[in-house]
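From first to last, the protein sequence lines are chains A and B.
First residue of the first sequence? That's 605 in my numbering, and the numbers climb one at a time after it.
First residue of the second sequence? That's 605 in my numbering, and the numbers climb one at a time after it.
It should be emphasised that the hints constitute simulated quantities derived from the structure, not laboratory data.
Don't take every hint at face value.
If several chains are the same, the list does not tell them apart, and a pair holds so long as it fits within one copy or across any two.
[Unchecked claim] Simulated pairs of lysine to any residue, SDA-like, Cα-Cα distance not exceeding 25 Å:
1. K765 to T729
2. K655 to D639
3. K753 to E802
4. K753 to A726
5. K744 to S671
6. K655 to E802
Protein chains: 2
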Amino acid sequence: MSSSSQRLSVNNLKDLFDSVEAFLFDCDGVIWKGDQLIDGASQTLHMLRSKGKKLVFVTNNSWKSRSQFAEKFKSLGISVSPDEIFSSSFAAAMYLKLNNFPTQKKVYVIGGDGILDELQLAGFTAFGGPGDADKTIDWKQSGIFEHDKSVGAVVVGIDPKINYYKLQYGTLCIRENPGCLFIATNRDAVGHMTPSQEWPGAGCMVAAVCGSTQKEPVVVGKPSTFMMDFLLEKT
Amino acid sequence: MSSSSQRLSVNNLKDLFDSVEAFLFDCDGVIWKGDQLIDGASQTLHMLRSKGKKLVFVTNNSWKSRSQFAEKFKSLGISVSPDEIFSSSFAAAMYLKLNNFPTQKKVYVIGGDGILDELQLAGFTAFGGPGDADKTIDWKQSGIFEHDKSVGAVVVGIDPKINYYKLQYGTLCIRENPGCLFIATNRDAVGHMTPSQEWPGAGCMVAAVCGSTQKEPVVVGKPSTFMMDFLLEKT
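Using the sequences and the hints given, assemble the complete structure.
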């Protein structure tokens with residue numbers, strides 16, 4: 605505890621509450637667990653809105669776009685605008701934007717639709733992801749595995765449709781395209797594909813690409829401070 | 605160069621050659637490249653055999669068993685016995701044997717037939733590998749993803765049929781089965797699936813499992829000294 609911080613007590617609670625403009629929430633395990641709303645979440649958010657507080661929902665989950673997360677909130681009976689959501693899929697797009705990634709270059713995605721959507725919304729040309737889910741390699745026919753030399757960034761997030769085609773594609777871009785960026789939405793070991801069990805998270809796919817490229821990614825999700833720095837800048 | 609070593613010269617070459625009993629060869633890039641024999645390899649091996657030298661072929665490639673490698677030698681016109689081959693698939697089986705891995709426990713494999721064959725030859729019950737190549741997860745139907753609690757080791761090698769099912773299976777065994785071993789045949793970043801290009805190697809799949817389990821494997825292939833120590837012990 606720093607010297608300027610103080611313990612929360614009945615005496616200072618109201619002052620603290622009044623002095624805070626915005627509340628940041630994680631989503632998985634805070635607002636919901638899988639497709640179940642967590643007890644009290646809805647009432648708390650309602651109370652904060654009624655007091656005029658700004659709400660921001662921050663999630664490392666890169667599977668969905670902000671719009672898709674807003675749909676999820678809606679399905680759980682909570683009204684949230686996509687602008688109030690800050691997902692690692694959006695963070696990846698914002699990282700490229702802030703770093704002036706040239707729009708004539710392309711982005712290859714190992715991950716879900718959410719990343720593709722956010723990249724496209726930010727004005728970038730992205731491919732891969734679900735579009736490469738069923739691609740296989742015919743070793744008998746295989747000459748040279750070709751990849752697009754205009755790919756300037758590879759974004760990797762959780763991908764339950766991970767396959768060798770995607771791993772080779774991303775690896776070749778990172779290793780062979782000069783200056784190609786390698787961006788991880790996050791490196792969480794586990795993901796929450798179903799509420800009752802943990803599944804390999806983005807950290808699994810990111811590590812696979814580290815293993816084949818022997819390069820380390822820029823991480824835009826937590827625990828990197830990129831999302832928080834961006835939010836502080838924006839608010 | 606240590607004080608006891610000496611530069612090779614025309615004067616000491618014959619003495620050195622005569623003093624050496626066994627010659628160890630790597631395979632990829634030494635004997636063959638893809639399916640092409642390397643110039644002079646056949647003649648060199650023939651000459652060494654004619655001088656009564658013992659030959660050992662050491663390969664980090666875990667895709668094949670020793671018998672499968674012997675077949676490959678044969679297809680290239682070289683006669684080699686499986687006993688003269690030391691592959692990382694075999695090394696994984698020998699590691700378990702030397703560590704008295706209980707035969708009533710099972711081994712889950714992320715990798716090729718070569719690993720399964722060597723484990724079975726060594727008396728172990730192994731599954732996974734190519735048998736799980738086409739397995740998918742039905743998220744709609746999915747309750748709990750079940751895994752075999754009697755799995756006591758997960759062996760990971762190069763696997764061009766890597767998928768989320770295998771990653772979840774191996775991860776659950778390592779994380780949830782008490783004392784479950786995590787063995788990597790090797791961590792080579794690249795593999796040689798086709799002669800004209802590099803592909804993600806075992807290091808890619810091994811890293812993926814490290815990423816989801818947050819554990820580090822025992823590596824039996826090079827640059828670990830397990831294979832060399834075993835060979836020195838055996839010869």
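Checked hints:
1. For a Cα distance limit of 25 Å, the shortest separation of K765 from T729 inside one copy, 21 Å, qualifies, whereas the shortest one across copies, 28 Å, does not.
2. When the C-alpha separation of K655 and D639 is checked against a cutoff of 25 Å, the pair qualifies neither within a copy, at 28 Å, nor between copies, at 72 Å.
3. For the identical chains of this complex, K753 and E802 are inter-copy neighbours only, at 17 Å across copies versus 37 Å inside a copy, given an alpha-carbon limit of 25 Å.
4. For a Cα distance limit of 25 Å, the shortest separation of K753 from A726 inside one copy, 21 Å, qualifies, whereas the shortest one across copies, 46 Å, does not.
5. For a Cα distance limit of 25 Å, the shortest separation of K744 from S671 across copies, 22 Å, qualifies, whereas the shortest one inside one copy, 43 Å, does not.
6. In this assembly of identical chains, K655 and E802 lie within 25 Å of each other by CA distance neither inside one copy nor across copies; the values are 36 Å within and 59 Å between.
The structure fails hints 2, 6 (numbered hints given earlier, in ascending order).
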